[in-house]
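Residue numbers (this note's numbering), protein chains in the order written: chain A, 1 to 521; chain B, 1 to 521.
Hints should not be assumed to be uniformly reliable.
The list treats identical chains as interchangeable, and a pair is accepted whether it falls inside one copy or across any two copies.
[Claimed, not checked] Straight-line distance between alpha carbons at most 27 Å, and here's what the computed DSS-like set of lysine-lysine pairs gives: (1) K54 <-> K291; (2) K332 <-> K403; (3) K282 <-> K259; (4) K403 <-> K291; (5) K393 <-> K35.
Simulated from the structure, these hints should not be mistaken for laboratory data.
Protein chains: 2
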Amino acid sequence: MHLNRKEFLSLSGRAAAGAALGAWGLLLPEAAFAKEVLDSPEVRKVHEIIMRSKADHIRKVQDDLKQPSVSSWNMGILEMAERMLAHFKAIDCKETAIVKTDGLPGVWAWYDVGAPKTVSIYMMYDTQPWDEKRWSSPPLEARLVKMDPFQQVVMARGAINDKGPNRMFLNALEAIIEAHGRLPVNIMFTCDGEEEQGSPHFHQVLEPYADRLRRANAHLSTGLQQDPEGNIQMGLGGKGILYLEIEAHGARWGRGPQKRPIHSSRKAILDSPVWRLIEALKTLYDPAADKILVPGYYDAIRPPNAEEKELMGVLTSRFKGRLFGSERENVKAWMNGWSEAEAAWHLTFDTTLNIDGLWSGYTGPGSATILPEKAAVKIDSRLVPDQEIAVQKRLILDHLNAKGFGDLDVRQHGGGDEWSQTSVKQPVVQAVLSVYKKYGIEPQIWPRRAGSSPEGQYTRGLGLPAARGGIGHGGRAHSDDEYLVIEGNGKVADFVKAEQAMVDTLYAYAHWPETRGAAGA
Amino acid sequence: MHLNRKEFLSLSGRAAAGAALGAWGLLLPEAAFAKEVLDSPEVRKVHEIIMRSKADHIRKVQDDLKQPSVSSWNMGILEMAERMLAHFKAIDCKETAIVKTDGLPGVWAWYDVGAPKTVSIYMMYDTQPWDEKRWSSPPLEARLVKMDPFQQVVMARGAINDKGPNRMFLNALEAIIEAHGRLPVNIMFTCDGEEEQGSPHFHQVLEPYADRLRRANAHLSTGLQQDPEGNIQMGLGGKGILYLEIEAHGARWGRGPQKRPIHSSRKAILDSPVWRLIEALKTLYDPAADKILVPGYYDAIRPPNAEEKELMGVLTSRFKGRLFGSERENVKAWMNGWSEAEAAWHLTFDTTLNIDGLWSGYTGPGSATILPEKAAVKIDSRLVPDQEIAVQKRLILDHLNAKGFGDLDVRQHGGGDEWSQTSVKQPVVQAVLSVYKKYGIEPQIWPRRAGSSPEGQYTRGLGLPAARGGIGHGGRAHSDDEYLVIEGNGKVADFVKAEQAMVDTLYAYAHWPETRGAAGA
Numbered sequence: 001m002h003l004n005r006k007e008f009l010s011l012s013g014r015a016a017a018g019a020a021l022g023a024w025g026l027l028l029p030e031a032a033f034a035k036e037v038l039d040s041p042e043v044r045k046v047h048e049i050i051m052r053s054k055a056d057h058i059r060k061v062q063d064d065l066k067q068p069s070v071s072s073w074n075m076g077i078l079e080m081a082e083r084m085l086a087h088f089k090a091i092d093c094k095e096t097a098i099v100k101t102d103g104l105p106g107v108w109a110w111y112d113v114g115a116p117k118t119v120s121i122y123m124m125y126d127t128q129p130w131d132e133k134r135w136s137s138p139p140l141e142a143r144l145v146k147m148d149p150f151q152q153v154v155m156a157r158g159a160i161n162d163k164g165p166n167r168m169f170l171n172a173l174e175a176i177i178e179a180h181g182r183l184p185v186n187i188m189f190t191c192d193g194e195e196e197q198g199s200p201h202f203h204q205v206l207e208p209y210a211d212r213l214r215r216a217n218a219h220l221s222t223g224l225q226q227d228p229e230g231n232i233q234m235g236l237g238g239k240g241i242l243y244l245e246i247e248a249h250g251a252r253w254g255r256g257p258q259k260r261p262i263h264s265s266r267k268a269i270l271d272s273p274v275w276r277l278i279e280a281l282k283t284l285y286d287p288a289a290d291k292i293l294v295p296g297y298y299d300a301i302r303p304p305n306a307e308e309k310e311l312m313g314v315l316t317s318r319f320k321g322r323l324f325g326s327e328r329e330n331v332k333a334w335m336n337g338w339s340e341a342e343a344a345w346h347l348t349f350d351t352t353l354n355i356d357g358l359w360s361g362y363t364g365p366g367s368a369t370i371l372p373e374k375a376a377v378k379i380d381s382r383l384v385p386d387q388e389i390a391v392q393k394r395l396i397l398d399h400l401n402a403k404g405f406g407d408l409d410v411r412q413h414g415g416g417d418e419w420s421q422t423s424v425k426q427p428v429v430q431a432v433l434s435v436y437k438k439y440g441i442e443p444q445i446w447p448r449r450a451g452s453s454p455e456g457q458y459t460r461g462l463g464l465p466a467a468r469g470g471i472g473h474g475g476r477a478h479s480d481d482e483y484l485v486i487e488g489n490g491k492v493a494d495f496v497k498a499e500q501a502m503v504d505t506l507y508a509y510a511h512w513p514e515t516r517g518a519a520g521a
Numbered sequence: 001m002h003l004n005r006k007e008f009l010s011l012s013g014r015a016a017a018g019a020a021l022g023a024w025g026l027l028l029p030e031a032a033f034a035k036e037v038l039d040s041p042e043v044r045k046v047h048e049i050i051m052r053s054k055a056d057h058i059r060k061v062q063d064d065l066k067q068p069s070v071s072s073w074n075m076g077i078l079e080m081a082e083r084m085l086a087h088f089k090a091i092d093c094k095e096t097a098i099v100k101t102d103g104l105p106g107v108w109a110w111y112d113v114g115a116p117k118t119v120s121i122y123m124m125y126d127t128q129p130w131d132e133k134r135w136s137s138p139p140l141e142a143r144l145v146k147m148d149p150f151q152q153v154v155m156a157r158g159a160i161n162d163k164g165p166n167r168m169f170l171n172a173l174e175a176i177i178e179a180h181g182r183l184p185v186n187i188m189f190t191c192d193g194e195e196e197q198g199s200p201h202f203h204q205v206l207e208p209y210a211d212r213l214r215r216a217n218a219h220l221s222t223g224l225q226q227d228p229e230g231n232i233q234m235g236l237g238g239k240g241i242l243y244l245e246i247e248a249h250g251a252r253w254g255r256g257p258q259k260r261p262i263h264s265s266r267k268a269i270l271d272s273p274v275w276r277l278i279e280a281l282k283t284l285y286d287p288a289a290d291k292i293l294v295p296g297y298y299d300a301i302r303p304p305n306a307e308e309k310e311l312m313g314v315l316t317s318r319f320k321g322r323l324f325g326s327e328r329e330n331v332k333a334w335m336n337g338w339s340e341a342e343a344a345w346h347l348t349f350d351t352t353l354n355i356d357g358l359w360s361g362y363t364g365p366g367s368a369t370i371l372p373e374k375a376a377v378k379i380d381s382r383l384v385p386d387q388e389i390a391v392q393k394r395l396i397l398d399h400l401n402a403k404g405f406g407d408l409d410v411r412q413h414g415g416g417d418e419w420s421q422t423s424v425k426q427p428v429v430q431a432v433l434s435v436y437k438k439y440g441i442e443p444q445i446w447p448r449r450a451g452s453s454p455e456g457q458y459t460r461g462l463g464l465p466a467a468r469g470g471i472g473h474g475g476r477a478h479s480d481d482e483y484l485v486i487e488g489n490g491k492v493a494d495f496v497k498a499e500q501a502m503v504d505t506l507y508a509y510a511h512w513p514e515t516r517g518a519a520g521a
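Chain A on its own, in the form it takes in the complex (with noise of 0.2 Å):
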């Protein structure tokens, strides 16, 4: 089902009839024939597939999982390397590699079949550690057990994140070579062994064949997006993330104690590292008038644009009273007395100076009298564009400079990520949305997400438009007893349909028309 220009204008024409497919204000007319593709023999052959291929597919994640692949232990992660390895060369991609760096391994696979359009998709294949006694069953076992409120589901560590779905996403490729012998896509797949860890090196895996990449048409992620009620967030991009840590020690301020902490009665002769940090914090912001008090700190910040104001509009007004969820139990206020909808904007356009961490001293149960020698602060600073990570860094460090505190130890975590962000218009982002539609899914589309991901790197850093979607659910990622929903709960999809919806979304971006960057990134 390779349709011409000419058959897709005669699709598109009665989908810009309908009426239907516009309700959310914020699907293109193309959508029509999305539908039409959807809805196609093709497509649901592949589903029936699927369908009767269950067993199999459930148990080959089940395999996966049992491969234990921590990245904080270096436990198996060559192995599942190997087995992504094994994976991509059973799908035929014409090339494969594990890619070195200078931590734990990266592996690239490329599927060519010279289709027009090439996907850039990302899979991480390290885990979180676990703790077993607290696991209700055994996370390297996989077992199917039954939790409520689902009739089924897989437990095991990476049953959600993210090794289950990414064997969902290569179970659904298998079926679409079974029925048609090749996919609808070319495919550039990048993986990270060291997500867990903050992806330190992973520009390292994507730097070999930035050259390619570039030349994919959009970047994809297929995992489960559902929440236990059915509901979907979807953001068109993410904040970036500048995390610091900040030590004041008396050694390199030559005042106070300067080797270990000292009895704090001398504190009547003796300048405090700790007190000193707190001086330099309050520099930084005053959070009764919630303002960041670096000079120039907002400075890039560039206004939201005509789309993301219709985005805030559609998504205020269709989910009025709904747009934070359980989270809203943990909140009494929003800060100077928000109503939801102004929460919901500045939480999508605003900067942010917030403190993670802090601590100095004795922190036991009960007393002891030490005036201690260092004192410290974790500090993460969300960026909306146009901030970027070493711009605003360079802006903090010249201002603890100015205002005398050059003698803090800062220190950056990780390279942190930069800002990302996809036009609602792409038609990646478009082929998704068909595809909840579907589905019968509305979801709450955000101009962005508030927090930070590496998708800047494709999207910044390689040109590439990015869209995150898929229905069913699995849940407490980084906890235990994580688990993936087998059979559902009449809310989330289940198995089945969240691997058929994997089909249909690749099908619904490969046959839509484009140019790739046309509608603007």
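Once you've looked at the hints, dock chain B against the given chain A.
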């Protein structure tokens, strides 16, 4: 050797005529009389008994050290209390009692032979716990070992803090009784089984005996005061201490995360209890100016009196360049560039506001992105005459309320110790100084220690003058390989001499002519 007033006047006349004893500028003429007493056959006889009882005395120290008494583990406390009771019965105390409290019990004992003077003695009989694998000799075996630079020490938990010195004092008392059938003073013993917990219930030990304790003439501590070089620092009192823990919590504030940390991206729309705590702290103290900003915080402070100024003059001239010993290696410069003498002055007379500990959120390695729901700080304030704990605490609370921080949780740790002060002219102080003089040791005499102790319960609570004195050495209190010196290094007194000096102190005080309190407290 109970001299009458006439005999004393004769002796003290001789002292006034002598020059040597006045060398420090702080010994009263009566010290000449003490010298006679300390050279007397009566005292020499006791010294001889101590010398020939050495092996037995060491064994008795070892026996007490082999009995564990760890208050934090509630291990052996009752057994140790019973041992103390047996010790007091062995010297024919007329009253002995285990004193129940809301916590672990104390011990009371009253030795009364109708002597003209009564001394109050405090003993703690609990110890810190231990980590046995870190010890070079098992902490409960109390072995005699070589430990550089000392020829022989007894190594055990409690060796110096305070079970070793306690038993040495009892050894000294037994030697006196063996020599002369009775002690030259009456003694009221009050013993604490929770000192290492901050003596939370010790007031309940004192309370039933307060009326009797008030009739004592002085409170005396006879621990081993020499540092490894043989030097002694003597403080004629101590500062008070107010210890507070202040917590900011979203739930009490009604802003920020309410129950648990939230994703750090939420800083864009949520207030931070961490920033709030910092905001509150900066209203308490200005580190650049070293100024406590709580209104009225300095109001109760009385200026140094004539005696205190004189003591500081003697101290800073006679110990120029030697006031701060080994702690100097942890200090590069005093606050405000103060000289040693200036630092000594401020250390003695200034109140403080110190941060002992500070914590919030994620404090481990690497990064975690959270907005914590709470933050806390431990602060201590050293109080000088006439600052009272309750008053200073109220000032801080009122200030925080006035500044809008009424939701902060402010808890006091322990009741705190009030400041304590005894005049250098008090006979019990002079008696201690006379003994130091006898052994050729000139102590650093500070008007008060910068630290705090429960001594105020005896001085201000019960109206007793107090002194702390003794020669000999032990170390590593609270650490592994705690020790008590048996045979020294040529600089510190050995075990026998330390016990002999305890005898001296009792005799010097017993025969010191006094009208209690006449010299002012």
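Please list, smallest to largest, the hint numbers that this structure does not respect. Hint check: 1 and 5 fail, others pass.
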